[in-house]
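S.K.: Sequence:
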Amino acid sequence: MNSTESVLPAHPALRRLTAVLLAVLCAGYAVGSGLGWGSCELALVMGDFGLAGAALAAALSCLAHGIAVGGHTRPAWLLFGLSSAVVAFGNGLWGWYEVVLGRPLPPDSAADYPFLLFAPLAITGLLVLAQRPRNPAGWLCLMLDGWLVAGSLFTLSWSLALGRVAAGDGDDPLKLALGLGYPVLDILLVGLVVGLKVRGRDGNRAAVHTAMIGLVVTVVCDALFTTPQFHSDYHSGELLDAGWFAGSLLLAWAPWSHTRRPSRQHPSTQGVPRRRVASTFSALTPYAAAAVCTAGILYNALGGRPLDRVMLAAASTVGLALIVRQGVMLLDNLSLAQELATKEAHFRSLVQGSSDVIMIAGPSGALSYVSPAALRVYNRDPEDLVGGNLLNLVHPEDVDRVLAEVRRILARSRAARFQAGEPSARVECRIRSGEGEGEGEWLHVESTVNPYRDGLILNSRDITERVRLQAQLQHNAFHDPLTDLPNRALFAHRVRAALSAQGPAGTAVAVLFLDLDGFKAVNDTAGHQVGDELLVQAARRLQTAVRGEDTVARFGGDEFAVLVRGRIGHPQVRDLAERIRAALSEPYWIGGAELGVAASIGIAFGPDTPLPAPEPGEDEATRARGTDGPSASAADELLRNADLAMYQAKSRGKGRVVLYTPAMRAELDRRGELEERLRAAVREGSFALLHQPVVELAGGRLTGVEAQARWRSAEGLLLTPAEFLRTADTGDGATRFARWLVTEAVAAAARRRADGPAAPPVPVTVRLAAERLCAPGMYETLAGALRDTELPPDLLVLEVSRTGPDTLADELGRRLAAFRRLGVSTALAGFGAGGGSLGALARMPFDALKLDRSLVQDIADSTLTRALAGHALRLGRDLGLVTGADGVDHPRQVAVLQELGCRRGQGLAFDRPLDELRLRRALLRRGYSIPRPGQGHPGRRPLLTPDARTGSGLAEASAARPGHLHSGLELPQRHTVRGPSGGPHGETVVPPA
Numbered sequence: 003m004n005s006t007e008s009v010l011p012a013h014p015a016l017r018r019l020t021a022v023l024l025a026v027l028c029a030g031y032a033v034g035s036g037l038g039w040g041s042c043e044l045a046l047v048m049g050d051f052g053l054a055g056a057a058l059a060a061a062l063s064c065l066a067h068g069i070a071v072g073g074h075t076r077p078a079w080l081l082f083g084l085s086s087a088v089v090a091f092g093n094g095l096w097g098w099y100e101v102v103l104g105r106p107l108p109p110d111s112a113a114d115y116p117f118l119l120f121a122p123l124a125i126t127g128l129l130v131l132a133q134r135p136r137n138p139a140g141w142l143c144l145m146l147d148g149w150l151v152a153g154s155l156f157t158l159s160w161s162l163a164l165g166r167v168a169a170g171d172g173d174d175p176l177k178l179a180l181g182l183g184y185p186v187l188d189i190l191l192v193g194l195v196v197g198l199k200v201r202g203r204d205g206n207r208a209a210v211h212t213a214m215i216g217l218v219v220t221v222v223c224d225a226l227f228t229t230p231q232f233h234s235d236y237h238s239g240e241l242l243d244a245g246w247f248a249g250s251l252l253l254a255w256a257p258w259s260h261t262r263r264p265s266r267q268h269p270s271t272q273g274v275p276r277r278r279v280a281s282t283f284s285a286l287t288p289y290a291a292a293a294v295c296t297a298g299i300l301y302n303a304l305g306g307r308p309l310d311r312v313m314l315a316a317a318s319t320v321g322l323a324l325i326v327r328q329g330v331m332l333l334d335n336l337s338l339a340q341e342l343a344t345k346e347a348h349f350r351s352l353v354q355g356s357s358d359v360i361m362i363a364g365p366s367g368a369l370s371y372v373s374p375a376a377l378r379v380y381n382r383d384p385e386d387l388v389g390g391n392l393l394n395l396v397h398p399e400d401v402d403r404v405l406a407e408v409r410r411i412l413a414r415s416r417a418a419r420f421q422a423g424e425p426s427a428r429v430e431c432r433i434r435s436g437e438g439e440g441e442g443e444w445l446h447v448e449s450t451v452n453p454y455r456d457g458l459i460l461n462s463r464d465i466t467e468r469v470r471l472q473a474q475l476q477h478n479a480f481h482d483p484l485t486d487l488p489n490r491a492l493f494a495h496r497v498r499a500a501l502s503a504q505g506p507a508g509t510a511v512a513v514l515f516l517d518l519d520g521f522k523a524v525n526d527t528a529g530h531q532v533g534d535e536l537l538v539q540a541a542r543r544l545q546t547a548v549r550g551e552d553t554v555a556r557f558g559g560d561e562f563a564v565l566v567r568g569r570i571g572h573p574q575v576r577d578l579a580e581r582i583r584a585a586l587s588e589p590y591w592i593g594g595a596e597l598g599v600a601a602s603i604g605i606a607f608g609p610d611t612p613l614p615a616p617e618p619g620e621d622e623a624t625r626a627r628g629t630d631g632p633s634a635s636a637a638d639e640l641l642r643n644a645d646l647a648m649y650q651a652k653s654r655g656k657g658r659v660v661l662y663t664p665a666m667r668a669e670l671d672r673r674g675e676l677e678e679r680l681r682a683a684v685r686e687g688s689f690a691l692l693h694q695p696v697v698e699l700a701g702g703r704l705t706g707v708e709a710q711a712r713w714r715s716a717e718g719l720l721l722t723p724a725e726f727l728r729t730a731d732t733g734d735g736a737t738r739f740a741r742w743l744v745t746e747a748v749a750a751a752a753r754r755r756a757d758g759p760a761a762p763p764v765p766v767t768v769r770l771a772a773e774r775l776c777a778p779g780m781y782e783t784l785a786g787a788l789r790d791t792e793l794p795p796d797l798l799v800l801e802v803s804r805t806g807p808d809t810l811a812d813e814l815g816r817r818l819a820a821f822r823r824l825g826v827s828t829a830l831a832g833f834g835a836g837g838g839s840l841g842a843l844a845r846m847p848f849d850a851l852k853l854d855r856s857l858v859q860d861i862a863d864s865t866l867t868r869a870l871a872g873h874a875l876r877l878g879r880d881l882g883l884v885t886g887a888d889g890v891d892h893p894r895q896v897a898v899l900q901e902l903g904c905r906r907g908q909g910l911a912f913d914r915p916l917d918e919l920r921l922r923r924a925l926l927r928r929g930y931s932i933p934r935p936g937q938g939h940p941g942r943r944p945l946l947t948p949d950a951r952t953g954s955g956l957a958e959a960s961a962a963r964p965g966h967l968h969s970g971l972e973l974p975q976r977h978t979v980r981g982p983s984g985g986p987h988g989e990t991v992v993p994p995a
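Mapped onto this note's numbering, the consecutive letters of the sequence shown carry residue numbers 3 to 995.
Treat the hints loosely; a few may be bogus.
[What the hints assert, rightly or not] Keeping only pairs whose Cα atoms sit at most 20 Å apart, straight-line, the calculated SDA-like set for lysine to any residue is:
{"#": "1", "residue 1": "LYS522", "residue 2": "LYS652"}
{"#": "2", "residue 1": "LYS656", "residue 2": "PHE521"}
{"#": "3", "residue 1": "LYS652", "residue 2": "GLY558"}
{"#": "4", "residue 1": "LYS522", "residue 2": "ASP534"}
{"#": "5", "residue 1": "LYS652", "residue 2": "ALA668"}
{"#": "6", "residue 1": "LYS522", "residue 2": "LEU810"}
{"#": "7", "residue 1": "LYS522", "residue 2": "GLY593"}
{"#": "8", "residue 1": "LYS522", "residue 2": "ALA811"}
{"#": "9", "residue 1": "LYS652", "residue 2": "GLU669"}
{"#": "10", "residue 1": "LYS652", "residue 2": "ALA665"}
{"#": "11", "residue 1": "LYS522", "residue 2": "ILE592"}
{"#": "12", "residue 1": "LYS656", "residue 2": "GLU588"}
{"#": "13", "residue 1": "LYS522", "residue 2": "GLY558"}
{"#": "14", "residue 1": "LYS656", "residue 2": "ALA584"}
{"#": "15", "residue 1": "LYS652", "residue 2": "LEU810"}
{"#": "16", "residue 1": "LYS522", "residue 2": "VAL532"}
{"#": "17", "residue 1": "LYS656", "residue 2": "PRO589"}
[Stated by the list, open to error] The following label-pair restraints were derived from C-beta to C-beta distances:
{"#": "18", "residue 1": "ARG753", "residue 2": "SER931", "range": "22 to 32 Å"}
{"#": "19", "residue 1": "THR509", "residue 2": "GLY674", "range": "28 to 38 Å"}
{"#": "20", "residue 1": "GLU467", "residue 2": "LEU670", "range": "48 to 58 Å"}
In short, the hints are calculated from the structure, not lab data. Please read all numbers here as calculations on a predicted model, not as lab measurements. Here a beta-carbon is modelled for each residue, glycine too, at the ideal position from N, C-alpha and C.
Produce the complete structure using the sequences and hints provided.
M.R.: Here it is as structure tokens:
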């Protein structure tokens, strides 16, 4: 912001109001002085002190402005203020004599001298404001122009009045100096004002012009005052004082009349103000000055007056200055012409050598100039294009858009003609290359369009390669790079469009989600390059199997999707899915080898009612990025449903087609809720830890305990959450639970060991699934728990409840070996149930083997089960493993296991899971009596102590009721998920895995 602006009136309306008030004040003073003010006394007051007040206002205004602002204008305004101050002082002295003392001003009084100081101070201020020349020629022109104006005015004034004044006062030098001082200084002041009018600055032009007008009004009044006619009859308060009053008020208003205007610029100058062209007034100033000088000489000659030496000397110098000034101007014009020719040649070379095509078109579109670059860019001769119409070069589909843009630019040009800068715009269109009509290709051209006189100037460049690259990038952004099929983003957009489209009755929208079964094995065995080729062939088979209007997309990896829309029912969509599955399951021949994969397909149908259509005017790529609105949420839900159905197909055996049903979503939501509840239970400490004794079958000695978790319900009951734990057997919640179980079991064993011989330590067993043992951080959790509690590693046994998929076998073997290096024993639990047990025994470093409860349940009644159990126990002994059995609930089972050579057992035949107090009592007993067939169950009695936190008794389901207790679980669906390993109390085989 300019420094002047900070002290200006804040609002333009206030500035205008002030100007109006000053104008009214000047008009009122003029009317009063014209009417004589009504009395001589009032006329004297207004003529003396009124002028003094106006001059004082100008002095204070200029001084305040000069102090407030900075920069190069400060000295000028301070000088203007001092010049007005001396005028105020002189008028005040004049009023002192005429009003206060009541006598006329004496000749040669002190009041005359302050007025003489007005002109020098004002002249100095104008010189400060003047634009300083940049070279000696400029200084010479400035002095010549100043003398031309001042000398001509002096010659004219001398011929009219000054000569007679000098002749009449020739005897008194002081009187002669005072008589000539006023007009001479005024002439100098007017000369500078005229010169500055030509060389005024743009920065504060309004303020400078207002000040100059005020000075001119004052000088004119001074000139009239010095003439004999006015000087002899003048008295204070007459009409001449109105001129001085107006001049002072104009000077007072000048500092605040500044209004910021944008500098006149040209786009090519990048914000640098253009060099102002000399106005007609400035060009004619020297000749006008010579004419004034000539008029003065003619006045004397025609009036019969003699030409004295002063007039001849002044007129001669004016003529000489005019001749020198014309010579300087001629040299300047020659220099400018040479500079113009150089710049014209420079710009012509730039235009002709530019790679852009520059064209100038008239109002009708006719081309008046085409640069030589057209031959290189458009393959057309520029001379052939000149005279033709610009629109004939534009693609017919782009003509309307180009016309609309051109009209908009021309309208903006007319509206912004007097504003800063010139309107310009960028227009993209297609222009044909080549000579003849219908020949060549259409080039994409970007043109910068600017107004030029009544037409346009266009700077055009070929952007065909850029447009092609953008199109390719956009295609790559929404297509799979391997198969060139639409990707997930574009497929989702088309699903939204299909759901929003209005179709005939019976129109259905379906999404098929596909996953190639066995593709990972192909990648692992044949390599990724072969896998990529298989994906490409699978994509081609997909495109062949579907209808022409269907959309096939690849989501990544071995996942594909198909969008089906039309008057097609569920059976037809299922038949299409079966056809796709059969096509994808055919053998693939790649590199001379036969490869095979299958396909699991999930089908989901969209809603019957069409959703709101997307906004018009958007291209497909733009809409593909959108994710808001009803259609977007419906499309996302449809894709999730198809994905869920596909995973159901994989879980049911792979290589099949499954149709989505709402029950799948409900089951998934239920699993998610239970997963969240599991995390909350671990975080809030809602699980309790129980231990079931492991007994030596030969003598009843207590050889260890197995840690089992129970969920503490809101009522304070410890329940066996079989459904809860099995449902949350996967995911982050299950891993968190497994870490909690290991940490709590190790801490409890360490506390019992620290209590001393009263409760002799026995190994504690923690049963986990293979997925939990191989989970990230499990090894660190177990090692940290042993380190923190200082529990000997030989007092911890890790049981693997199931070995998991074959892909996990190598990692599980490495993880078990690491645990054994810590000193922790390992065991295989659940032997005899499921698959992979023999392979696990051959590959895994186990120390013990435990029969699954499914074998133990029928071991006393089934000869086949007894034989299988016997072979399994014999295999364990041959491998050097400690054998055991789980689910030993009856005395007959104990007897059979003893006969088969089983060493250890756990179950209700000995004891149920115990809380910490009863466990310590059992450890003190150090053993159990071996039950005989026909005896009751020693474990059938309440074994849980009251919860110290709630004060209520804790109960567990009795053995006489083999069903699960879910009354306190508060689950969304209260049904029992029983597996082959489910016990009479609903304990999970993988207790908290």
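S.K.: Which hints, by number, does the structure contradict?
M.R.: none
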